[in-house]
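What follows is the residue order along each chain.
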Amino acid sequence: MPVAIEIPQEAVALPHKLWTRNECAVLERSGLVDLERYELIDGELIQKMGKNHPHTRALRLLMSWLEDRFGRDYCLQESAIDLRSEDHPTSEPEPDAVVLNGPFLALSAQPRPAELRLVVEVSSSTLYHDLVTKRNLYARSGIVDYWVLDLEGRRLIVHPDPSEGVFLSIQAFQEHEFVSALAVPDHEIRVGELLR
Amino acid sequence: MRSVSESYSVRGECMPIAAETPEEAVALPHKLWTRDECVALERSGLLGMERYELIEGDLVPQMAKNPPHTRALRLLILWLQTVFGGDFVLQEASIDLRPEDQPTSEPEPDALVLTLSFLDLEPGARPRPDQLRLVMEVSSSTLTVDRTIKARLYARSGIVEYWILDLEGRRMIVHRDPIDGAYRSIEIYSEQECVSTLAALDRTIRVADLLK
Numbered sequence: 001m002p003v004a005i006e007i008p009q010e011a012v013a014l015p016h017k018l019w020t021r022n023e024c025a026v027l028e029r030s031g032l033v034d035l036e037r038y039e040l041i042d043g044e045l046i047q048k049m050g051k052n053h054p055h056t057r058a059l060r061l062l063m064s065w066l067e068d069r070f071g072r073d074y075c076l077q078e079s080a081i082d083l084r085s086e087d088h089p090t091s092e093p094e095p096d097a098v099v100l101n102g103p104f105l106a107l108s109a110q111p112r113p114a115e116l117r118l119v120v121e122v123s124s125s126t127l128y129h130d131l132v133t134k135r136n137l138y139a140r141s142g143i144v145d146y147w148v149l150d151l152e153g154r155r156l157i158v159h160p161d162p163s164e165g166v167f168l169s170i171q172a173f174q175e176h177e178f179v180s181a182l183a184v185p186d187h188e189i190r191v192g193e194l195l196r
Numbered sequence: 001m002r003s004v005s006e007s008y009s010v011r012g013e014c015m016p017i018a019a020e021t022p023e024e025a026v027a028l029p030h031k032l033w034t035r036d037e038c039v040a041l042e043r044s045g046l047l048g049m050e051r052y053e054l055i056e057g058d059l060v061p062q063m064a065k066n067p068p069h070t071r072a073l074r075l076l077i078l079w080l081q082t083v084f085g086g087d088f089v090l091q092e093a094s095i096d097l098r099p100e101d102q103p104t105s106e107p108e109p110d111a112l113v114l115t116l117s118f119l120d121l122e123p124g125a126r127p128r129p130d131q132l133r134l135v136m137e138v139s140s141s142t143l144t145v146d147r148t149i150k151a152r153l154y155a156r157s158g159i160v161e162y163w164i165l166d167l168e169g170r171r172m173i174v175h176r177d178p179i180d181g182a183y184r185s186i187e188i189y190s191e192q193e194c195v196s197t198l199a200a201l202d203r204t205i206r207v208a209d210l211l212k
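Protein chains in written order, with our numbering: chain Z, 1 to 196; chain P, 1 to 212.
Everything labelled a hint here was simulated from the structure, so no lab data went into it.
Honestly, I wouldn't trust all of these hints.
[Said to hold, decoys possible] Pairs of lysine to aspartate or glutamate, DMTMM-like flavour, derived with a Cα cap of 25 Å:
(1) Z:Lys17 - P:Glu50
(2) Z:Lys17 - P:Glu37
(3) Z:Lys17 - Z:Asp87
(4) Z:Lys17 - P:Asp96
(5) Z:Lys17 - P:Asp36
(6) Z:Lys48 - P:Glu56
[As the list claims (entries may be wrong)] Short derived list, chain P residues pointing at chain Z, Cβ under 10 Å:
(7) Glu37
(8) Val174
(9) Leu201
Note that the Cβ used here is the ideal one computed from N, Cα and C, for glycine as well.
Sequences and hints are given; from them, build the entire structure.
Listed below in structure tokens is the structure:
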């Protein structure tokens, strides 16, 4: 007799078409995809989150502090960056904030990993993505300092010193704690100041 | 290399804690496609020679058919033609779905049996769910997707019978009674067992005869 069976329960991810920067340029030209609304990460066209007010506010506070510490010419908001050659074709992240090691006017193209002193994501609904997918991506490209400002958790998660493609010392600073960027260790800010 | 404590001075009462990687994987919403967009994508030339099947908005690459797949599908088509007549059987034709799934999925079952001759389908139209007596997938590497995502898709459209010929498991998985988006009856027939379709219950075939 035939046997009755159960449906498999595990979540199934469909293997699907992944994209490259070059293909995305064609998609955009043909009007098929508005790249303002998507970010290419590991071949996936990830929908950008609509920025809610807490996100906008925190990012503005962060940008002000970064501009004070590093100078306005060294900071960019939501700029696309280059990656190591293996990841470059399939990912084009746009971090919420980056600090450059030279003035942006001197850039002739998108900033390369070696030109970045700090990369920051302001995170609420994208926390898993920022702490896993993007963390791995930035570590592989040797981004020297990566911050995730976790709005819901009210904390700042810092990833300094990638070693062989992995951030080894990842630490979370709570609201009342003080943190500084690797590039300017003597300039501290209380995490709560970014979450006002 | 600087240690973290040197790099990050801490004035709060508590030391910073090592942050753990979140355990729960959350898939971020990625770009999903529609049938209309896929027409434009094909025209753009971006998809190249590769063939895709649109399933729940994802462009799923179609597996290259290996010889066991081709052979099993040919045996199956021949049997279906004997039972239903050549005009009622289509191979790898794309089908329509219920309105809610129609824009974002365009499956191409390996084989299907129509309630009417394919010549009586409106020119240019795909078979609708109510014009299908049976859809079939011949499955090896795609088994999990065929048993989950595709089974739900076909059940939601009320396709009355869905078979999966599982090449590696050497068995037939028969889905019937679509109710509320799921098949209420799912049965496995092993090699030595005989199976027949709801539409022709007296015409049986031994599963092994499709796996020769």
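Hint check:
1. Between Lys17 (chain Z) and Glu50 (chain P) the CA atoms are separated by roughly 10 Å; this keeps the pair inside 25 Å, and the hint holds.
2. The hinted pair formed by Lys17 (chain Z) and Glu37 (chain P) meets the criterion: a straight-line CA distance of about 14 Å does not exceed 25 Å.
3. With a C-alpha separation of about 17 Å, the suggested pairing of Lys17 (chain Z) with Asp87 (chain Z) holds against the 25 Å cut-off.
4. The hinted pair formed by Lys17 (chain Z) and Asp96 (chain P) meets the criterion: a straight-line CA distance of about 22 Å does not exceed 25 Å.
5. With a C-alpha separation of about 17 Å, the suggested pairing of Lys17 (chain Z) with Asp36 (chain P) holds against the 25 Å cut-off.
6. A distance of roughly 20 Å separates the Cα atoms of Lys48 (chain Z) and Glu56 (chain P); the hinted pair therefore holds under the 25 Å criterion.
7. With a least beta-carbon distance of about 6 Å to chain Z, the hint placing Glu37 (chain P) at the interface is held under the 10 Å criterion.
8. This hint holds: Val174 (chain P) has a C-beta 7 Å from the nearest C-beta of chain Z, less than the 10 Å allowed.
9. The closest approach between the C-beta of Leu201 (chain P) and any C-beta of chain Z is roughly 14 Å, which is over the 10 Å cut-off, so the hint fails.
Of the numbered hints stated above, the single one contradicted by the structure is hint 9.
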